[in-house]
Amino acid sequence: MGTLDNRLYEWFGYSSFKHNQREIIESVLSGEDVFLMTATGSGKSLCYQLPALLKQGTAIIVSPLLALMENQVQELKQLGIKNVASYNSFLSLKEKKSVLNRLPEYKLIYISPESLQQKDVLDKLSRLNVSLLAVDEAHCISQWGHEFRTDYLKIGEARNKMGSPPCLALTATAAPEVRKDILDKLNMKDPVIKCDTVDRTNISIRTIKKETEEEKRIELIDCVRKLPKPGMVYVGSRKKAEELAEAIKNEMPFAASAYHGGMTKEDRHLIQQQFLLDEVQIICCTNAFGMGINKPNIRFVIHFDYPKDIESYVQEMGRAGRDGQRSTSILLYTEIDHVFPRKMIEWEFPTEEEVQYICEVLRTDDSHDVTRKRVESYGFEDVHARFISHYWEEWRNKEDARSQEEFINMVIKRRKGWKFNKLIQMEEWISNNNKCRRETLLETFGETLQSPAKQCCDVCGITEPLEDVDEAGDAGFPMMSWQDRLYALLQQQTHKG
Amino acid sequence: MNNLSFRQTIFLYLSDHLDGERSVNSIFHILTGKRSSQTIQDIKWYNLTKYFHMFPYWKISDFTAETDELVKYELIDTNENLVRMTAKGKQYLTDFLLHYDWPAFFNGWKYGQAESLFWKRVSLLIQCLSYALAKNRSFLPVFEEEEVQQWLKQRWPKNDKTKQVLADALLGELFQLLEQLSNQDAFLFSYRLSGYNYTGLTMRQLSEMTLLEEDECYFRFQAVIHYLLEHVDQTTYLKEAAYNLIEKTVLTRTTKHTLYYLKQGFTMDEISYIRQLKRSTIEDHVVEIASEDEEFQIHQYVSEYWKNLIVNKMKSEKTMKLKTIKEALPEPGVNYFIIRLTLAYYGGNHGNT
Ligand SMILES: [Zn+2]
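Heads up: the protein sequence lines correspond to chains E and R, in order.
Each number in the numbering used here comes from the position in the first sequence (counting from 1) with 25 added on.
Each number in the numbering used here comes from the position in the second sequence (counting from 1) with 565 added on.
Take the hints with a grain of salt, since some may be wrong.
[As the list claims (entries may be wrong)] Chain R regions said to be covered by chain E (calculated; three or more residues, Cβ under 8 Å):
(1) 683–696
(2) 739–747
(3) 750–760
[Claimed, not checked] Just a few of them, taken from the derived set where beta-carbon distance is under 10 Å, the chain E residues facing chain R:
(4) M288
(5) L301
(6) D509
[What the hints assert, rightly or not] The calculated lysine to any residue pairs, modelled on SDA-like cross-linking and capped at a C-alpha distance of 20 Å, are:
(7) E:K235 x E:R250
(8) E:K264 x R:K624
(9) E:K119 x E:D148
(10) E:K264 x R:Y622
(11) E:K234 x E:P216
(12) E:K119 x R:Q715
(13) E:K102 x R:E711
(14) E:K264 x R:S626
(15) R:K615 x R:D642
(16) R:K718 x E:Q103
(17) E:K132 x E:S55
(18) E:K251 x E:N227
(19) E:K320 x R:Y808
(20) E:K290 x R:K700
(21) R:K637 x R:S570
(22) E:K438 x E:W454
(23) R:K843 x R:M833
(24) E:K290 x R:R769
(25) R:K828 x R:I790
(26) R:K723 x E:Q103
(27) R:K883 x R:Y578
(28) E:K290 x R:I790
(29) E:K320 x R:R702
(30) R:K821 x R:I863
(31) R:K700 x E:L104
(32) E:K274 x R:T775
(33) E:K320 x E:H363
(34) E:K290 x R:P621
(35) R:K718 x E:L118
(36) E:K398 x E:L178
(37) E:K179 x E:K214
(38) E:K102 x R:S570
No lab work stands behind these hints, which were simulated from the structure alone.
Small disclaimer: the values here were computed from a predicted structure and weren't measured.
Ideal Cβ placement from N, Cα and C applies to all residues, glycine included.
Looking at chain R on its own, in the form it has when it is part of the complex (with noise of 0.2 Å):
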């Protein structure tokens, strides 16, 4: 066996946690960051948000060549569909997770959606104000997208002394906040600007000069700009650049279109027959606000005593699969809806219990 690529070692991490209860499908969502309700339930469910939309631009082709490669292996193997780690898997990844030293921060739920502006926005910016204060102007921007242009317009420095007192305050707060990782990881971001006689590197070389693989350097990268988005409220400058970017509850958007009316008092098969949507669409949604929006009233739909019953069995089966909990209930009664909905909303913000 060769070594394992590092998107390889990463899937069969994910696989580790959702242990023969999740296809190999469900763990490419994951990791593409598929912003389908039953993924997001995934990740609620076993606690892996953090891993959520970690390789963006893995194609379906490409992964389900990787993943056979981990079957030749006998690393995982999919019977049924289901991914299950074979003993000699569990030891690879042990070996793995022995020496890997994990990114200081990086939560692909919580700043997938943010990291690519802010990192356009800090990157213009700082090339801008490079190239600025060397007194030179002719340049390509690295990014030519209106959104991010405007952005830059409206906090341009008027004259030359604010624009050195942007580009100290800039320096010493990146300083700051850079110090705390690891030199390499600094080293990514820095060397991924550009600005004034120095280009950026494509991540491609990126790979070459730290000796990572390519993905991991993607990986690694994106950590340091989810560092930063966790940590700019300590700066005044930096947070500009996460300005209206971080919103409190991540919902899809028809999602957020079913919250709306849900709110409005109309009952799940109104809002079915409202918005022309099947039911189980809906209950999707259901689902997906229950573990996300903190205001979720789940008694409104579960009582007291099947919520207890679920949360209950859910523990001592030691297990997330729906049809496991459901045949451990006494009795029937209970639909598929209802304890997706229990486990959801426990697995989520309200997970305390």
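So here's chain E without its partners, still in its complex pose (with noise of 0.2 Å):
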């Protein structure tokens, strides 16, 4: 097994694997299909990686973040590792078929999940010698999938047309029966399971029930004020991450700073790279932010609205501590918190009126392919039409003898009932004051509680840290003249001196 360990330090400059890198590597090499769960920043991408490098052919790895595979790609390359390359919808024209055409000549192909869809991709890649398929974030086929990812459904039909090449799902967070979904879409067969436990026992586990609104939001300044920090505030919408990052200024000298999608991508580029850089303290945030942001110092996430399913709350809670020291979770809800979620699922779905148009209106004219595009064209947004003109696709593949728009609304009412299940779970959850948080935590996600933590939950009972207040109190940013800034910008050697 010398032969790893010098591939590794060769072309990685690591000296040893981290725990089960060796052993996922191993099956890898060997041809099984492996599942591997675990946490962010464990360095799972070497488990593609280097067997990809090692075996013949070319790897394909699935992955929906494309600055996430552009930063990888870069990454490689520093390394002097030259054959990898990106596919993705940013690419030019004259750049995607440059790559197509060297298929062949490169190691590691990232690929977006819509690229791979791509009749003209599929082609070369069904006469490619493809070595491994990796598919990263791969609980996007099940909790995502049916609505946001239907991209990523087709994964599995895309691995058969490859040839079925040995197969490595990566997900960070996956419930039992999320896994079992992941399986069954790839068409797993007899997969090597390797999991991270889910518990991260540097955290400790608070839940708050208030009566009101404002009640949390005092409880939540509260918090911030003491908590030692960096930290991050989830909250449910854009309105209420500008709001509190503003009640958090207002009343602390700290600098806070709000997140969500509503931004320019420039200006959410800046805030995620203060946060980075410790010249904002506090983000609040919808979930729109996070995702392959990895900043390891990270104290508290506060969730000041709960999250849809208790597999988001652990990968949000999950940012916190990554550098292993105490760090603190802490979840504010009141009775009335139940109502905002359940209209979130309810907007998720077209419908039972517009299914019903809809297929009327596609079925008077059923020359045309329905494409996500052509349902948008009557008024349907983005997510919207993607669901109907998948499912409309399958309606039309199963031969199924109910109509379309029976067939559709069966779906959506499964889905919904499977959304709302999860919601009641992490409710239940949420408010179970009974029993250890932790463990209740683990049971979802078919594990016991191994050791115990020292800081472990409200219900087991914890001390919260306090910031050392020297520490705090350096609010915004340094004032300097532009003249100081530019010259500090742009005369970083002379400074150094």
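Put the complex together from the two separate chains, hints included.
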């Protein structure tokens, strides 16, 4: 086995593997299907990168995060591994062609799930010697798949067209039924299953019930004031993200900022960067924040609104304490909080009348394909249009005896039911004050508590850490003249002296 | 009445220029930079090219609510769908203009299309230089678009020495240009930039630091970009960031298409047939060309007699309103197209009569 270590050092500069990396890599090398659940930032990309370089042929890495894709390609290139490329909608036509024509020259290709659906891409891939298919963020197949990532559902089909290469599915969180869904949709046979525990022993867990939204707000301000920083506050809407960031800034000497999908891409990037560099200490964000971000020293995650399922909760609170240091997760709720997430789930799907209407329209002219664009042209929003076009096609393939609207409404009913159940599970976990929260959390992932955490949860009893008052008080951004700032930006060497 | 927002005030300012001759929506189209023939004519006739594309992100729903407020405060009235200033509105505007310190330069018509890419290039270049000089390679680029990255790749200095030379030169060029501006405007620009140890500020954060409204920050920041674009010819390195961005004539794509056929000698009806577009659409294109294209020959469409009549009526009636001009003409025989064309021609690049 000496050669694996040698390669690891030679190519990546590491002298040893992290916990179960070696086992996983050996399984992948021997051609087995592997399901891997492990926290972000624990070196999971190595589990496909190293085998990809060792095996004959080209490895295909499916990833929904464009920025992450680009970063990995850049990192590999900086390590001197040049025969890698990414293929996604950001490339120009010329660049796309160039990548497609040189496919066999690459050891790794990162590709977005959308691009994987294109016929010319699939044709090329079907004639390629694919060494390995790795699917990153594999939970998109189940947790979001039916609404947001219908493209993910077709990865299984694409895998067949590529001649069923060994498959490695990676995810940070997946409850047992989601895991089952992933294995099923990717046609994985007798896979090796490696799951890290979802237990983050360095993060204490607390839920706090309040009577009103205003009381929640006061509690939040109090928590933010006392807890060590930096930290994140998750909220359900853009407006609230703005309001709370404003409130924190007004009441305390900390730099706080909102982050949500309504901001320009440039501003979102700036906030993310400021947070990484500790220029901003508190981020109030919707769940648009966090995908692919890796900041080790986040000290707290507070949920001002609770997420719609436990997986999201675990993923979001798990952004705290990546450095292994003591961190805090707090979830605030009131009795009336159950209304909003239910509305959100309703909005994710077209209504029965809308389905009825669109099916009638589409039937009168079925000479054209039912594409997302076509459905959109009848006034449907993107997400709904994707959903309808996907299930219209599935209805056609299955030659289902029911009418299209019956079929689609049946799917919606099933999906909604599933989502409501997930939400209820989340709510039951929040309000169950009789049993250790860590234990109940682990149970939903089919795990049992191995060793009790030192600072466990509010049921077991915890003491929150307090911020050293001296550390606080560094509000806002340092002021300097515009000349000094320009100078500082462009005269780094002189400054170092 | 509360104080008006910055963009409401700008709306008033434009209303004053178009007094009673245009609708609320036509002002919306000017401020958001809609490149339609009608809007383009409006900005030419009323000499509002500068204000074109001033708030491209303004949503129609917000806009409607904000203009309704102006009506409620009795600053404007919008009878018959035309915006008229009230005495109260005029007074408010006068007070504002008395104290308002306009940016040194802003021209949305000329630079509205170039501003975004120019800024992306400059800010990516400075960020990369800053990190390179600090010998730090791990950072997320402020802009990831391929076209910006490609532009940078082609110009990226090969070694440490040339990097330093480029940084020094850029610093010198920026100092020289920004020194002509107010401290506040130069501040907006330099604090929006990112680099090693310094991350740029969002518009919200700039607004908190300068105590200007976010809209005004945005406007003044773009004004700095326009100012730099206007003066890049005085520079060597900054000029590179404007490479290929500034076009001489600013025609919409479809109009360029029509111009191509015109130059081949096709008549307007023939072009209408070839392009399968309505005659009125082709007329819109020709009007746009008349105002933009310096080579446009108006006498091919309008006789000297009519041309003089229309221009005189425009001056004597002090209006750009087609109906008023048409009614003031001594005899029928001239259609709206001819009037629009004449007005566009003299309102545009040929307006020295
Ligand atoms: Zn516990």
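Cross-check of the supplied hints:
1. 683–696: holds (count 3)
2. 739–747: holds (count 3)
3. 750–760: holds (count 8)
4. M288: Given a least distance of 7 Å, the restraint on M288 (chain E) holds.
5. L301: holds (8 Å)
6. D509: At about 9 Å, which falls below the 10 Å cut-off, the nearest Cβ of chain R leaves the hint on D509 (chain E) intact, so it holds.
7. E:K235 x E:R250: Distance ~18 Å between K235 (chain E) and R250 (chain E) Cα, so the pair holds.
8. E:K264 x R:K624: Between K264 (chain E) and K624 (chain R) the Cα gap is close to 17 Å, so the pair holds against 20 Å.
9. E:K119 x E:D148: holds (18 Å)
10. E:K264 x R:Y622: Satisfied, since the Cα-Cα distance of roughly 18 Å is no more than 20 Å.
11. E:K234 x E:P216: Distance ~42 Å between K234 (chain E) and P216 (chain E) Cα, so the pair is violated.
12. E:K119 x R:Q715: holds (13 Å)
13. E:K102 x R:E711: OK: K102 (chain E) and E711 (chain R) at ~17 Å, within 20 Å.
14. E:K264 x R:S626: With a Cα-Cα distance of about 17 Å, the restraint between K264 (chain E) and S626 (chain R) holds, given a limit of 20 Å.
15. R:K615 x R:D642: violated (25 Å)
16. R:K718 x E:Q103: OK: K718 (chain R) and Q103 (chain E) at ~16 Å, within 20 Å.
17. E:K132 x E:S55: With a Cα-Cα distance of about 17 Å, the restraint between K132 (chain E) and S55 (chain E) holds, given a limit of 20 Å.
18. E:K251 x E:N227: Distance ~18 Å between K251 (chain E) and N227 (chain E) Cα, so the pair holds.
19. E:K320 x R:Y808: violated (38 Å)
20. E:K290 x R:K700: This hinted pair is violated, its Cα atoms lying about 27 Å apart.
21. R:K637 x R:S570: holds (15 Å)
22. E:K438 x E:W454: violated (24 Å)
23. R:K843 x R:M833: Holds - the C-alpha atoms of M833 (chain R) and K843 (chain R) are around 10 Å apart, at most 20 Å.
24. E:K290 x R:R769: holds (14 Å)
25. R:K828 x R:I790: violated (35 Å)
26. R:K723 x E:Q103: OK: K723 (chain R) and Q103 (chain E) at ~16 Å, within 20 Å.
27. R:K883 x R:Y578: Distance of about 19 Å is within 20 Å: holds.
28. E:K290 x R:I790: holds (19 Å)
29. E:K320 x R:R702: Within the cut-off at roughly 17 Å; holds.
30. R:K821 x R:I863: holds (18 Å)
31. R:K700 x E:L104: holds (17 Å)
32. E:K274 x R:T775: holds (16 Å)
33. E:K320 x E:H363: Violated, at about 31 Å.
34. E:K290 x R:P621: Judged against 20 Å, a Cα distance of about 15 Å means the pair holds.
35. R:K718 x E:L118: holds (19 Å)
36. E:K398 x E:L178: holds (19 Å)
37. E:K179 x E:K214: The hint holds at about 17 Å.
38. E:K102 x R:S570: The hint is violated at about 50 Å.
In summary, the structure is inconsistent with hints 11, 15, 19, 20, 22, 25, 33, 38 from the numbered list given earlier, while agreeing with the others.
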